[in-house]
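Chemist: Listed below are the residues making up each chain.
4 protein chains.
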Amino acid sequence: MAKQMHPPSEKRSIPVGVVGASGYSGAELVRLLIQHPWVDLRCVTSRGHVGEPLAEVFPRLRGIGAADELVFSSPDVSAMVASGIEAVFLALPHGLAAEFALPFLEAGVRVIDLSADFRLDDAALYEEFYGASHPAPRLLEEAVYGCPEIHRDGLAGARIIAAPGCYPTSILLPLVPLLRESLLELDSICTFSMSGVSGAGKKGNIPFLFAECNESVRAYSVPRHRHLSEIEQELGKAAGEAVVISFTPHLIPVTAGIVTTTYAMPKPGACERVGPVLEQAYEKAPFVRLLGSDCPPDSKNVVGTNFIDISWSQDPRTGRLVVMSAEDNLGKGAASQAIQGFNIAFGISETEGILRV
Amino acid sequence: MAKQMHPPSEKRSIPVGVVGASGYSGAELVRLLIQHPWVDLRCVTSRGHVGEPLAEVFPRLRGIGAADELVFSSPDVSAMVASGIEAVFLALPHGLAAEFALPFLEAGVRVIDLSADFRLDDAALYEEFYGASHPAPRLLEEAVYGCPEIHRDGLAGARIIAAPGCYPTSILLPLVPLLRESLLELDSICTFSMSGVSGAGKKGNIPFLFAECNESVRAYSVPRHRHLSEIEQELGKAAGEAVVISFTPHLIPVTAGIVTTTYAMPKPGACERVGPVLEQAYEKAPFVRLLGSDCPPDSKNVVGTNFIDISWSQDPRTGRLVVMSAEDNLGKGAASQAIQGFNIAFGISETEGILRV
Amino acid sequence: MAKQMHPPSEKRSIPVGVVGASGYSGAELVRLLIQHPWVDLRCVTSRGHVGEPLAEVFPRLRGIGAADELVFSSPDVSAMVASGIEAVFLALPHGLAAEFALPFLEAGVRVIDLSADFRLDDAALYEEFYGASHPAPRLLEEAVYGCPEIHRDGLAGARIIAAPGCYPTSILLPLVPLLRESLLELDSICTFSMSGVSGAGKKGNIPFLFAECNESVRAYSVPRHRHLSEIEQELGKAAGEAVVISFTPHLIPVTAGIVTTTYAMPKPGACERVGPVLEQAYEKAPFVRLLGSDCPPDSKNVVGTNFIDISWSQDPRTGRLVVMSAEDNLGKGAASQAIQGFNIAFGISETEGILRV
Amino acid sequence: MAKQMHPPSEKRSIPVGVVGASGYSGAELVRLLIQHPWVDLRCVTSRGHVGEPLAEVFPRLRGIGAADELVFSSPDVSAMVASGIEAVFLALPHGLAAEFALPFLEAGVRVIDLSADFRLDDAALYEEFYGASHPAPRLLEEAVYGCPEIHRDGLAGARIIAAPGCYPTSILLPLVPLLRESLLELDSICTFSMSGVSGAGKKGNIPFLFAECNESVRAYSVPRHRHLSEIEQELGKAAGEAVVISFTPHLIPVTAGIVTTTYAMPKPGACERVGPVLEQAYEKAPFVRLLGSDCPPDSKNVVGTNFIDISWSQDPRTGRLVVMSAEDNLGKGAASQAIQGFNIAFGISETEGILRV
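As given, the protein sequences belong to chains A, B, C and D, one line each in that order. Every letter in the first sequence is one number past the one before it in numbering that gives the first Met the number 0, and letter 121, counting from 1, is 120. Every letter in the second sequence is one number past the one before it in numbering that gives the first Met the number 0, and letter 57, counting from 1, is 56. Every letter in the third sequence is one number past the one before it in numbering that gives the first Met the number 0, and letter 254, counting from 1, is 253. Every letter in the fourth sequence is one number past the one before it in numbering that gives the first Met the number 0, and letter 122, counting from 1, is 121.
Note that these hints are calculated values from the structure, not bench results. Mixed in with the good hints there might be a few duds.
For the chain A half of the interface with chain D, some residues (derived, Cβ under 10 Å), not all of them [as the list claims (entries may be wrong)]:
#, residue
1, Ser72
2, Met193
3, Asn204
4, Ile205
5, Cys212
6, Val276
7, Glu278
8, Gln279
9, Tyr281
10, Glu282
11, Val302
12, Arg319
13, Val321
14, Ile347
15, Ser348
16, Thr350
Note that beta-carbon positions come from the ideal geometry of N, C-alpha and C, so glycine has one too.
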């Protein structure tokens, strides 16, 4: 019986807020939080929509729980704290997120940040990849990289969760277990990702107009996308030594979804261990679906969910391993993974509110 | 507090089955039923997938409730009855559905049919529009046209529910209250609809290939689509006299979603009553969202849900009323509306399992 | 032998310019003009791209004729006149176009304007629909509404051509011959159009982002779209009396293409004349393709071309006629129709440079 | 003056035919051939459309040249030969193409084959990758692999041209010049491609329905796609030794277009030679557009054309070279490249009929 389990009825709802709720990740957070059985979404902010009812800005949400009562406010930390929230999700541009995190933490509100601000352990690396000095470097040590399948232990009770980036999640989850078991030649990792256009954010930029993206495929940010910083940080932790990889993202005409294909050379004799190592690593991970070998995942099976689907193939001609994954860039790659981390941090069942298709 | 209400805990799960579960409507039924808190989905059938695990045919559903245990069986009524189901959803072509309905009913299993077989009161009308004599005419009288917003009373305890067609739902819900109040000139109704390609079914037909439908818009079934039969039947009931309308469906490159725009001439003085009449009619309808006047609905706000969004405008230049609606052709236009009818028939809260976005 | 006919070899190339060449209509003009056998495209302007090579802004055009040599300049009328152009295409917002038209005309450069500025005969009607007084009312009388199938005679030698709007073209071409022959009840015309997103222009507006338009259908500008002004003007001329119609445009997720479906009540006995009247009207029109009755046109057959495809059906149930058309909103609805008018104005074969698929 | 050059007027039209003209590649051939200034398309065949006018099966082509006169016939070699054709394009499944090629050649008709049947030099390799013995192995030696940028010399006067596959063209054109100059470590080549759905052909297969492919991305044919055979054959010729590569194709929701991204390790000191070598190799190639470094090509700029756009980047972090290309899978990847080969074989200017956007 796999029906969603609900916490005991004495369990209270946790009051939360979302800052930056009008972007794509923010809206996805709101969609999930208003349907989360143990969350009480009290405030949603958006500088551009102050005073507008949530259900007018997002007509899709009308008629669902708190959606009919919430009104966008300005991102006023004091007012949000006064509303009694115990956690805040920040769906803001990098740089800005850290500025908000500090006062919330000081007020005792836990922070789940969807930006890049707390993902890197090293402020210098942040500066190298994001082109600005880190706004709150002393918080970096405390922040937990919020990929529950990798850092589950750190998440329980965490005060600052850095929800991982979309590309990183799709690359890390298939590779981390393999690197932990030293199955791959570290200098052989070549990744290639395709992302839906929502990943570019909800901004009025001409390159992301329908008429520009439709019937179009293109690589971008070649050869050094910012997400490489957190990808290589986490791969390095798994491998126990520095890892440098090739990574090329491509923009494809879907609204949401990321598919990543990675080539890597297994160490001698390691190839047959790939399946078993992944199976063992994710035996108890409700959101990692191992499709078995030679069964390429399809983004349409994960969009709108918190699942990541993984498959792999061995190529006897080249000796290389091919690892493939599919996730929703706004789901497991952003909002629902952030809620997964929140659930764990607050001692709720990991799957609450996000085990749905 | 609009959170989804659950029935009291002593409530049992209702065992059900789905016949024809591999098509688009069938798959949507399965997706919703495995997540329905008061349903126990016991059997799914598909002639083409006998013996295959549900989660292999629909990888999207892996990891969700019964999806990991169900295996497609052949549509064997006796075996399904023996499994203890109390209701069966038929997602079959017209003609075939009626053949299955009879033995299920005889065995005491209630039938929710998604085909056209039980939507018409008159077997002769069926023959006129579907080109074959009705396979079970004596059941027509008992069957309830399963649009809860129109025939709620008939649904409680119903043994045969005819889930409405996708186009009819989108046309009827905005118009029926207006006709009941005699607001429109009956011979003035001109409707245009646009539907996603899933409406054409999951069959290997070249005109519905991606490369044929993408970047393509076209009318079809001009001037007499089969759905006119049930549309005019229900409009006629609302008006108290026969109604004949113009209707042109168009195929557009979206997977799901129907948007309908209707012109009609209000009777003298009736125009200002349109809004109030709709508001009163749907005051307690959780799935009808009235957006107000001059606020055209967008299919992306309803796809994947059981909502229908409705707006209207008055055109002082022509005197005509413009009524617009948006729904998911597989949702409110098929599967989730069928479950809404099932909920009512079984005395469960109407919104169980389908009030979600 | 229907191969493209070339003018005699002594024919010179006509030097032309395009103002506002970076928008969607402007870019389509440039694409066609650089491949037009009797055009010498000398200057392309765009305020936002001054100094940038055409082939960098539009990489698609690289390697084709003048595309490799042209560089965007600022819209400086004197400089353009000095370059020796004999005609200028204006692909500018309404209001701005008229400001440019005047000095070009004074300098002896003929103007083909793709905006709404010269489409209406009546400056008061312009002000009513466009919300501003007309910037050059005295030019309205001279300007020719550049739909060659309707106003061919006026185009020969014309100094100011007002290229028709996209929706108007799709509505007028099927209806004008029927109104000229008094086949339709004038108060019965109800039109419904669906347009690709390029119709919204190349501006950084959030509602036209890929992630907003994809998997979305919606009506807009209900009930009074600006194009009604020119539609009704031209319908009225054809009918010999004022015509008021219902018109609802819808945005659908294709890059280009418009499909229009129109209902109208034929006058008694007129229905059987519809086909013959259309056939006679367009017997010699190389860009109007009559598909016959009951053969709905598909936008994918006309996108990228100057063709408009037309079909019609009679509905014996309602008595209404259903007329359907498909065109490219950037082609027959804008750029290629503008070139068609230019060809005629300059005495070139109407089909030069635009009879292609 | 870059206008398309026409051969001297005494030049005659070459009579040709297309076998298998109803599939996607066949239809694209027909579209281009009816507009080709020096081609007389005399016969088009399709088993499924015998007797149907071309313009009914492909309404897009109506009104263009021979499209209004051609009628589909059955693929009868004798009748086609009797019609006087000098060349035939075969757009047939592999295996079947070779069966047609023989009698045409014996009758003196030159063959341009778009299938895989004549692309491989070695019948054993064909059998290994295509799972059947080669139907006409003795023709393999004579056949020319029809990529003009690689085998221009062999094409002049060729009797059998094997038009290259879509993926191979996209991979070979960026790499062949680099391998000829020994710039790359041969065992380091990792390619990833994304293709539009038309590449799957015009067959009624459920996985290629709109509702299956839309909002979907997936890898397929992992790890050994059939096209690897010709890719590695041609890379090996360029390198002067055997080359084995990794290649993963992905299906993305566009109708047409292929984008390929390749990683390879340059030999020491070779990286700075990449740009100059490509520029020299393609200096006189009218259809290869080098975009320069760090300028990822976009499929929308090449779809509908015979262009292939190429860019490259060096990644100083990994030392790898990233090479990117974009082409139309039905254009440079199939039909227009076949015509390019035909042009050269018949002594016409290479660009006739296909230098268009």
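Chemist: Against each hint, give a clear statement of whether it holds in the structure.
Modeler: Hint check results:
{"no.": "1", "hint": "Ser72", "result": "33 Å, violated"}
{"no.": "2", "hint": "Met193", "result": "5 Å, holds"}
{"no.": "3", "hint": "Asn204", "result": "15 Å, violated"}
{"no.": "4", "hint": "Ile205", "result": "13 Å, violated"}
{"no.": "5", "hint": "Cys212", "result": "9 Å, holds"}
{"no.": "6", "hint": "Val276", "result": "19 Å, violated"}
{"no.": "7", "hint": "Glu278", "result": "19 Å, violated"}
{"no.": "8", "hint": "Gln279", "result": "23 Å, violated"}
{"no.": "9", "hint": "Tyr281", "result": "20 Å, violated"}
{"no.": "10", "hint": "Glu282", "result": "25 Å, violated"}
{"no.": "11", "hint": "Val302", "result": "7 Å, holds"}
{"no.": "12", "hint": "Arg319", "result": "5 Å, holds"}
{"no.": "13", "hint": "Val321", "result": "5 Å, holds"}
{"no.": "14", "hint": "Ile347", "result": "31 Å, violated"}
{"no.": "15", "hint": "Ser348", "result": "30 Å, violated"}
{"no.": "16", "hint": "Thr350", "result": "25 Å, violated"}
Going down the numbered hints, you'll see the structure goes against 1, 3, 4, 6, 7, 8, 9, 10, 14, 15, 16, while the others check out.
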